[in-house]
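Numbered according to numbering that gives the first Met the number 0, the sequence shown spans residues 0 to 87.
If you are wondering where the hints come from, they were derived from the structure by calculation, not from laboratory data. Hints may contain errors.
Unchecked claim - Per label pair, the in silico range of CB-to-CB distance:
1) G86 to L64: 26 to 36 Å
2) A19 to D63: 31 to 41 Å
3) I41 to Y79: 28 to 38 Å
4) E83 to E50: 32 to 42 Å
5) A85 to Q15: 12 to 22 Å
6) E27 to E1: 24 to 34 Å
Glycine included, C-beta positions come from ideal geometry on N, C-alpha and C.
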Amino acid sequence: MELVELFLETGKSDIQNLQAAIADNDAEKIAYAAHSIKGAAINLGFVELSEKAKNIEQKARNGDLGEIAEIAQMLDKGFYQITELAGK
């Protein structure tokens with residue numbers, strides 16, 4: 000399996016986990032999901048996506064959940080764009 004395909008597969012699950020954690024206001028789970036997305040994205044050169052995930056992770060670890068949903072929407076949009084470019 001190609002690395003990008005693997006990223007898209009696991010990333011979809013990670014984003015769903017992130018969205019669920021945001022809905023639950025669970026800072027620990029938000030940080031965990033964002034950390035996972037951040038690492039996978041940077042390993043494949045998706046710097047902007049990784050930066051958004053890093054921002055979410057840092058805010059969650061600091062208990063600053065106010066802007067996380069908005070940033071997560073941008074992250075989701077970026078992930079969708081990668082999915083479209085990959086033809087998946």
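* Asked: What are the numbers of the hints the structure violates, in ascending order?
  -> Hint check: 2, 3, 4 fail, others pass.
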